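**Q** This is what each chain is made of:
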Amino acid sequence: MDNLLLMMAPLFSSKLLLVLLFGTLFGLILGVLPGLGPTTGGALILPFTMTLDPLSAIVLLTSIYCAGTYGGAITAVLINTPGTPAAAATCLDGYPLAQKGEAGRALGMATVSSTVGGIFSVVILVFFAPILAKLAYEFGQPEYFALAIFGLTMLASIGEGSPIKNLIAAAFGILISTIGKDFMTSIDRFTYGINELSVGIGFIPVVVGLFAISEMLTQSTLLHQVFKRVALKAVKLPSKEDYKKTWKTILRSSGIGSFIGVLPAEGGTVASLIGYSEAKRFSKNPEEFGKGSIEGIAGAEAANNAATGGAMVPTLALGIPGSATTAVILTGLIIHGVRPGPDLFREQPDFLYGIFGAMLIANILFFIFGFFGAKIFARITLVPNKILWPMIFTVSVCGTYSLSQSILDVWIMLFFGVLGFFMRRFGFSVVPVIIGLILGELVEGTLRQSLVIFDGNWLIFFTRPIVVTFFILSFIALIFPLLKKKK
Amino acid sequence: MNNVRNKKRANKSLPFFFKDEFKVFSVIIIVSTILLISTFSFDTVPPILNRGIQPATFPKGLLVLIIVLTTLIYYLSFKKPWKKEKELPKNFFLTLLSFIFFIIISKTLDFFLAISFLSVFVSYNWGEKRFFYLLLVGIIFPFIVFVFFEMILGLRFPPGIITNLYYY
Amino acid sequence: MKKSFKLFLAAAVLVTEFFVVALPLMITSAKADGHPIQAITHAGFGGGTDVTTRMMLLRTRRYLKQDMQLVNKKGGGGAASMDYMMTLPADGQHTLTWTTGHAVSMALGKTKVKLSDMQPLARGTDDPQLFVVNCKNDIKDAKKFISAQKSKSLKYGTTHVGGIDDVSAIAFTKKGKLTDPTIVPYKGVGPIKTNLIKGDIDVGVLNLGEAVTEIEDGTLCVSVVLASNRMEKLSNVPTATELGIPVVLSTVRGFVTRKGVPADRKKQLEDAMIKAMEHKYFQSFLTDIGLDSTSVVGADEWGKQMEVMLAEMTAQLKALGYIN
Chain A
42 MDNLLLMMAP LFSSKLLLVL LFGTLFGLIL GVLPGLGPTT GGALILPFTM
92 TLDPLSAIVL LTSIYCAGTY GGAITAVLIN TPGTPAAAAT CLDGYPLAQK
142 GEAGRALGMA TVSSTVGGIF SVVILVFFAP ILAKLAYEFG QPEYFALAIF
192 GLTMLASIGE GSPIKNLIAA AFGILISTIG KDFMTSIDRF TYGINELSVG
242 IGFIPVVVGL FAISEMLTQS TLLHQVFKRV ALKAVKLPSK EDYKKTWKTI
292 LRSSGIGSFI GVLPAEGGTV ASLIGYSEAK RFSKNPEEFG KGSIEGIAGA
342 EAANNAATGG AMVPTLALGI PGSATTAVIL TGLIIHGVRP GPDLFREQPD
392 FLYGIFGAML IANILFFIFG FFGAKIFARI TLVPNKILWP MIFTVSVCGT
442 YSLSQSILDV WIMLFFGVLG FFMRRFGFSV VPVIIGLILG ELVEGTLRQS
492 LVIFDGNWLI FFTRPIVVTF FILSFIALIF PLLKKKK
Chain B
137 MNNVRNKKRA NKSLPFFFKD EFKVFSVIII VSTILLISTF SFDTVPPILN
187 RGIQPATFPK GLLVLIIVLT TLIYYLSFKK PWKKEKELPK NFFLTLLSFI
237 FFIIISKTLD FFLAISFLSV FVSYNWGEKR FFYLLLVGII FPFIVFVFFE
287 MILGLRFPPG IITNLYYY
Chain C
-10 MKKSFKLFLA AAVLVTEFFV VALPLMITSA KADGHPIQAI THAGFGGGTD
40 VTTRMMLLRT RRYLKQDMQL VNKKGGGGAA SMDYMMTLPA DGQHTLTWTT
90 GHAVSMALGK TKVKLSDMQP LARGTDDPQL FVVNCKNDIK DAKKFISAQK
140 SKSLKYGTTH VGGIDDVSAI AFTKKGKLTD PTIVPYKGVG PIKTNLIKGD
190 IDVGVLNLGE AVTEIEDGTL CVSVVLASNR MEKLSNVPTA TELGIPVVLS
240 TVRGFVTRKG VPADRKKQLE DAMIKAMEHK YFQSFLTDIG LDSTSVVGAD
290 EWGKQMEVML AEMTAQLKAL GYIN
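Chains as they are written, first to last, in my numbering: chain A, 42 to 528; chain B, 137 to 304; chain C, -10 to 313.
Just so you know, these hints were derived from the structure itself, not from any lab. Being a predicted model, the structure only gives us computed values, none of them experimental. A couple of the hints might just be wrong.
Said to hold, decoys possible - Only some residues are given here: those of chain B computed to face chain A with a beta carbon under 10 Å:
1) Phe154
2) Glu157
3) Lys159
4) Asp179
5) Val181
6) Ala192
7) Phe194
8) Phe214
9) Phe238
10) Ser255
11) Phe257
12) Leu289
13) Leu291
14) Pro294
Claimed, not checked - Just a sample of chain B residues kept apart from chain C, beta carbon distances all over 10 Å, derived:
15) Phe158
16) Ile166
17) Ile170
18) Tyr211
For every residue, glycine included, the Cβ atom is placed at its ideal position computed from N, Cα and C.
Please work from the sequences and hints to get the whole structure.
**A** As structure tokens, this is what we get:
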């Protein structure tokens, strides 16, 4: 009860409310802009938080985190460009639905599921943080390898088209992840003497290229077709039936997202992909996925926002960041003299519950912005292509450039845009490339680390219970689609 | 059914090297082979750190997998030819061309000049002839974006003839 | 369609107004205090180097009465950032955050830039390397740590490879005539700590700030410190030199500008940076990452350390076989 009161504290402080409001808005804007996201935003604002008291500073950072993660969905739905990497899975169904003229419904669903996911994970954080944090210690490199393998089984259920083509695309994605300096040996791979390539190819240029720029090229081939988009339909929000259809998905994805979030180093991107593919696996209408399924949006968005609370668990309870953005938040805690760890829960409950409360309020705030803003945002789909796409190009180019102030990233983005266009033209889905790119590094790195740790003995993988569990789950995931077909 | 037969006939009339299947197959195979050859030029690991898998092994395996799978889909395409795609319209090539101009201008003259050029070029070719809207996409909007990134977020853009007016 | 166009028009008008009225004002006000100084870094958002640089900028821009802007040039382990600096005139309108990683890149010949091309300004952090172990493990005692390695190879978790971390481990075992370590490289410090706690690896090569939470709550213990003197916060942990193995290595971050900068400008930059880093913001940042005010030193001492660092890294990487 006391804790509940502590959580409400931000509501009674006008200063904290102001900080929250600013953080949420700032986070939303950063999330919406492709290339920029909560991680960049948090790092940009970090030095300025020195002028604030510790609680306000962390409240600011966490509200940027929550709102930024949600903001990525808006761009994903409206212009097929994930505003943040974690929204990549949201594009898959959000954009087709918006193209059908139901942008409001897609945005509304994204907002509702994001909020539910976010709040769910904060509740988990409040009640189970110290216990869940222990889970982080159970995950060694072999366990991450098994998790990554489980992630790769998504290829069996995600993406339309021929399975062989999906496999080629995934192998290509994994190949991209090997570009740059190999962290195990410090040896350059596929860099051909270009210094800038030694840090590898960033995720954002590839995603923005594959989604936004290739969509721009696709639009250039469709100019003769006139779409009739009805304004009234575009701003319509999800119906009761939609919620009836998706509540299970939202809950499942909230659970998945919180779990993946708790694991150190696994953020919302992996969470949303797994949330999406599980939504498809359990759906009664899996054939709708990729064509504008409302469940697909819910599955991806609930998961990536649930990962925000999840990722705060190891950050606060152990001082080990659960995602890229929480690494920035952790730095924020440290420079403000707050030492994360079990002691924080004992010694500074007011501070901690203040953060929890702020996260809850941030989720509600972006819900208000998002849900009522959805009608306005949805109008973007009514802007004619000949004006809209050059603008999207401008924002994509600037966002991609600013990520690491590299013009090479912009060219990489254009290259992947052209490539993505031809891939889609010849029946290769671009989604496996993304999955390969995210998981490729994890698969190769953790496998090689595990082998060094085990002195090259493969059998030790089968002595670790979590590893075996994930291997079994992967096996089930692979044969499940076959069983379903037989039915 | 009738439709399928028609398509088959349409594809058969072309010599094999004009078909999409062959083009895709040959591009993937050529690029993968070049990459595969380049993996042999990766540095070797100093002996004290040489444990487990070599850095070139994993990419090699992936490239071989890609080559094998691509050969497989090419083989399968003999039995079941791909759906024939529509010819690409002129606008597609113009948009593609604008990307090349973008790269050249951003490299030699100015990043924002390149953005303005591309925006106006694309917008005009996609059918926007009204001056105000061209001004909007070509100058006003990029300017706002510049201001947002530069002033509010404090990010720096590459030097060029226009950005230098501001930086120097 | 019509309605959206009206909306659009309204937005456009607003925007034009902004463009005509607000911007010239903003630009003139920005120009009034001169052009921004470019603060070049090679590190990604939120990492140690990024944060150190931003913390330095916080007050330096105020003391210099000139804006400073972070310019990120990633790649080649700092090589790209040094190459970029060489394209700028030596007018003191830029700074570069120089780290141990840059020394490695220079030693490996990734860039043609020499130390003689750089004018040292000030050092920000000097973070000694630590050998951290699980407190449940016997080797938390430094003597046992050494004797255990007489017969068998320990698994050292390092951040990347071919850098300060594995050099620390290998230099220690080589100079101490111990069994060669098994290096397990990681991408960041998080998994090193969890794997240490789980017991998958034996030693983590870390800086104090990276493990201070676990050290304070007694999960992780420090066996050996690779500093020249014992650290204030770890007064009961011996240095390698005390144990008869003379290895002193630390992760350093400091600031340089291009050689040839006018002497008075150099002085101005150095003074502003030192003053900024003596401010309580930077000092409390240092305390919180486990360091103290001795981290901050001026150009002369920093310049000498850069030379020592480069020489040491070159020698070690040669011994490892990275340089022929």
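**Q** Hints broken by the structure, by number, lowest first?
**A** 1 and 8
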